[in-house]
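Q: Spelled out, the chains give:
2 protein chains.
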Amino acid sequence: MASEGDDELEVSNKQVILKIYVTGSPKESDMYVSSNGTLSLKVPEGTNGVVVKNLYMSCDPYVLIQLKKPDSNSSKPPILKMFKIQHTNVPLSYYTGILGMPGLTAYCGFHEVCSPKKGEHVFISAASGAVGQLVGQFAKLFGCSVFGSAGSKDKELVCLTRVGSLTNQHFFSKIFSNKVDLLKNKLNFDKAFNCKEEPDLDAALKRYFPEGIDIYFDNVGGKMLDVVLLNMRAHGHIAACGMISQCNLDKPEGVHNLMHLVLKHVNIEGFVTYVYVHLFPKFLDLVLPHIAEGKIVYVEHS
Amino acid sequence: MASEGDDELEVSNKQVILKIYVTGSPKESDMYVSSNGTLSLKVPEGTNGVVVKNLYMSCDPYVLIQLKKPDSNSSKPPILKMFKIQHTNVPLSYYTGILGMPGLTAYCGFHEVCSPKKGEHVFISAASGAVGQLVGQFAKLFGCSVFGSAGSKDKELVCLTRVGSLTNQHFFSKIFSNKVDLLKNKLNFDKAFNCKEEPDLDAALKRYFPEGIDIYFDNVGGKMLDVVLLNMRAHGHIAACGMISQCNLDKPEGVHNLMHLVLKHVNIEGFVTYVYVHLFPKFLDLVLPHIAEGKIVYVEHS
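Protein chains in written order, with full-length UniProt numbering: chain E, 1 to 302; chain Z, 1 to 302.
Honestly, the hints are just simulated from the structure, not real lab data. Careful, some of the hints might be misleading.
The list cannot tell twin chains apart, which means a pair is met if one copy fits it or any two copies do.
Claimed, not checked - Here are the computed lysine-lysine pairs in the BS3-like style, where the Cα-Cα straight-line distance is at most 27 Å:
| id | residue 1 | residue 2 |
| --- | --- | --- |
| 1 | 42 | 282 |
| 2 | 191 | 68 |
| 3 | 27 | 196 |
| 4 | 69 | 223 |
Bear in mind that the values here come from a model prediction, so they are computed numbers and not experimental data.
Produce the complete structure using the sequences and hints provided.
A: Encoded structure:
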């Protein structure tokens, strides 16, 4: 609510404040809501400051890392410049997803970290997530065969997609029987499986990849990574994007099969997206026409 | 013992035959010695075959991998060509060590896998081994600061070095109080420590590397790798050369801290040396003058 004074405009400013660093899963008691503050909308004179209003917020797994106590040796992100949105013929919310950090993560993680070659077998875990769904589509467009796993419970999903321009948006909803259905029938994956339904993950991967895995895009870490190591092909690449299965554990699970890195000349590369922020214009040039032509779709809520 | 016939020369041919694939540590019962065979020294007519006599054999950790059941996805080495030794002003045995597979492994592992920059902090485990001692010396010559760990029991070592040419060799022996002494006082490491004497490895690494580790050359895997992950610097490199601490275990230990790959944009690259065999001439050009000038030394037995 804005109240206009002589010199400045003040608005109420609802804030969610982190009380303590989160350990394990985030709890409501880790934070509190403050409604008391007000914020001046006047930019201090003589500065190039701007006042920002949040319209959309993306609830990424990455946010959890920000809520936890930082490691002193962690990679320090540079200050990201704000930029004016030039392409307005897409829904505004896309800039928190396919055209934002998750999109750039998928693009750079696949093209810069995985060193893909046409025809290679790509496996993606948490494949229906904000990043995974795009990695799969980029890999398909590049000419790879794409397999995804999801840890879906077998329930119906109402999947919303948003189309149209910034000022003229439409929503479409479609029902999928589960995430595996979504991967195969909306996101164009060659194969997909529910890892929660596989009693023997190693046997499942050997069945899905009789020739082995060339590229593994890892969003989950832990047991899945361990079993993938057994099934990597010589000279394969693993992009370690996230390890969501481990985030809420007090002590991460052990990965036992790292000797396969040596035996098969395989690398695991952890990466943080801000390193590739200079590639953002190149990324937009690639992805915007694909969105316009419907060759890439983006599921915001499922 | 050779016996000359009309057409061919036959010799007795003592063989060590592997009976079954080794599991865990190799046991004498895994193999047997056969003294019954004879071998014709006549090369079949019309072929370019050669008859080979073993003069030296290197007992590398790599041999253990060859004795174990091969993984169907393992990297398949190409047939290595035999070559005539051109440089005879070094002891012949060097071609099984510093000028052979361990030397090329150290050179390529450091220069091709670790992407080193001058001034970086390099940590090497099993640093007094056939490969480790050379990685340390290459890293020093390149301009890095070099730290090594050894799992030495605190006992005196008689260290033999061989100098001179193929036909005129001399041995020098020198006594070191232990492997740490050897690393610091013969192999020119900046610092070295005995990992078996450190009750808290993480605390030890934080003490030795207050700014973190840029490059870790891993010969041991397991617990050491796990603790190093906590102490890597952002954008660091880990070369996974071997995991000797795990070789004799029925089930390898778990590595828990892989999330640090993501947090710090670190990569682990497993590698097999045969991939770099085309670099052998370049490697010889680098290392032979260093041997001649005494800038690189090689400890064959310690």
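Q: State for each hint whether it applies.
A: Evaluated hints:
1. 42 / 282: Classified as neither; 36 Å inside a copy, 65 Å across copies.
2. 191 / 68: Classified as neither; 35 Å inside a copy, 34 Å across copies.
3. 27 / 196: within (25 Å within a copy, 41 Å between copies)
4. 69 / 223: both (25 Å within a copy, 24 Å between copies)
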